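Enquirer: Okay, here's what each chain looks like letter by letter:
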Amino acid sequence: MITITEEDFNIDKILKDAKHPDDGAIVTFLGIVRDDGIAGMEIEAYTDLAMQELEKIEKEALERFDIRSLDVIHRTGTLSVSDNILLIVCGAPHRKDAFAACEYMIDELKKRVPVWKKELFKDGAGGKWVGEETE
Amino acid sequence: MITITEEDFNIDKILKDAKHPDDGAIVTFLGIVRDDGIAGMEIEAYTDLAMQELEKIEKEALERFDIRSLDVIHRTGTLSVSDNILLIVCGAPHRKDAFAACEYMIDELKKRVPVWKKELFKDGAGGKWVGEETE
Amino acid sequence: MIIKVKAFARFGEVLGKELDLELDSRSDIDGMLSVLCASRDAYDLIFDESGRIREYVNILKRGRHIQSLDGIRTALEDGDEIAIFPPVAGG
Amino acid sequence: MIIKVKAFARFGEVLGKELDLELDSRSDIDGMLSVLCASRDAYDLIFDESGRIREYVNILKRGRHIQSLDGIRTALEDGDEIAIFPPVAGG
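Going down the list, the sequences are from chains A, B, C and D. Under my numbering, residues 1 to 135 are what the first sequence spells out, in order. Under my numbering, residues 136 to 270 are what the second sequence spells out, in order. Under my numbering, residues 271 to 361 are what the third sequence spells out, in order. Under my numbering, residues 362 to 452 are what the fourth sequence spells out, in order.
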């Protein structure tokens with residue numbers, strides 16, 4: 001399942017729901033706000049298109065790897081250091097596929113999914129959009 | 136932290152405890168009992184040596200990869216299909232190291248750590264130790 | 271006709287996050303950008319010194335990149351949603 | 362002297378999971394195995410037809426493989442813990 005939400009998530013529950021009798025391995029990627037001397041992060045998404053693109057990547061991964069499930073939750077809004085940003089959960093019979101599909105999802109997500117992050121300065125005076133230095 | 140226990144674990148809590156301000160990525164491997172037409176699984180460990188070996192692998196991973204934490208919980212005892220067997224949690228500034236260290240831990244664990252699994256037959260009449268076919 | 275424009279990240283801060291533009295019928299992306307980039311800041315954000323759209327600018331019509339349509343000559347229709355954004359940086 | 366033997370997985374089922382063996386002082390691993398593998402089943406589990414320890418059998422003295430010590434000639438002392446097990450299969 002693909003979700004874009006402001007809400008935080010309960011990983012235990014998501015893993016429980018992801019479990020399939022064929023699964024022997026569940027690999028999870030959790031992206032969190034790293035303390036690069038920032039107060040936090042603001043995350044913006046072009047939600048409709050981001051959902052479509054995530055579903056497309058999910059479909060590609062299900063075709064490419066022997067996996068049973070691939071779930072993604074991407075948060076938006078204002079987050080603090082160490083807050084959860086992104087969760088990817090991949091269940092598979094064997095671990096190699098679960099790792100590969102989970103990495104595929106995060107790699108493609110970073111390239112293709114319309115989401116942006118703004119690092120918020122500590123003094124409260126605005127911030128800097130990640131990736132701006134390339135512009 | 137390395138733990139060998141009969142108890143199940145709360146992944147949300149473990150992830151929360153694992154978080155370090157330097158971390159941007161936490162990769163988790165969860166091994167669960169796959170339904171290969173079995174009733175469940177019995178897991179036995181040579182606990183003292185398994186702890187030592189897991190700590191050795193953890194140390195190797197901390198030297199090899201730029202990671203901040205690597206936690207392992209391996210369960211023993213009798214488990215049912217879809218029950219949690221093993222949890223590996225690796226926190227790192229960047230995702231490539233977190234994925235690589237998590238895979239390193241599970242690959243080495245499977246080769247080096249004295250733990251054995253017995254698949255329990257559905258009719259209740261005993262079971263089969265995994266890996267026995269090679270003997 | 272009315273075109274809905276959504277701009278994201280820094281583009282949203284400069285152009286406005288979401289606006290309805292009143293355009294002549296038979297307008298195209300080029301025409302829309304003239305209206306959208308009337309201010310110096312907005313123009314510099316989207317165009318380079320030689321007046322070409324900067325490489326990192328993504329413009330989508332109803333979810334499709336204009337490069338896969340007719341570029342800046344892509345025709346617009348009443349009710350179209352145009353998205354405009356810098357390189358993505360999620361995850 | 363008393364040697365503690367721990368056997369795991371199928372080896373534990375055949376040999377017993379944990380036993381204290383009373384051995385002559387100055388016994389070695391070879392001597393211990395003679396006592397431990399008195400039954401036909403136990404012998405066949407550990408030794409091949411030519412009387413050599415099967416390749417997949419791991420024997421450790423105080424956590425160290427006997428290959429890295431003196432093999433089956435590794436000397437034993439009172440209170441030693443010997444572990445004996447098949448290939449590992451955790452995770």
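Hint data in this document are derived by calculation from the structure and do not stem from the laboratory. Any given hint might turn out to be false.
[What the hints assert, rightly or not] Listed next, with one range per pair, are the computed distances between beta-carbon atoms:
hint : chain 1 : residue 1 : chain 2 : residue 2 : range
1    : C       : Val305    : A       : Asp12     : 48 to 56 Å
2    : C       : Lys287    : B       : Asp171    : 48 to 56 Å
3    : C       : Asp298    : A       : His94     : 36 to 44 Å
4    : B       : Pro156    : C       : Arg296    : 33 to 41 Å
[As the list claims (entries may be wrong)] Computed list of lysine-lysine pairs in DSS-like fashion (alpha-carbon distance at most 27 Å, straight line):
hint : chain 1 : residue 1 : chain 2 : residue 2
5    : A       : Lys128    : B       : Lys246
6    : B       : Lys151    : B       : Lys191
7    : A       : Lys128    : A       : Lys59
8    : B       : Lys151    : A       : Lys19
[To be verified] Okay, the calculated bits of chain B under chain D, using three or more residues with CB under 8 Å as the criterion:
hint : stretch
9    : 200 to 214
10   : 246 to 253
11   : 256 to 266
If you're wondering where the values come from, they're calculated on a predicted model, not measured in any experiment. From the three backbone atoms N, C-alpha and C, an ideal C-beta is built for every residue, glycine too.
Enquirer: Give me the numbers of the hints this structure contradicts, sorted from smallest to largest.
Expert: Those not satisfied are hints 3, 4, 5, 7, 9.
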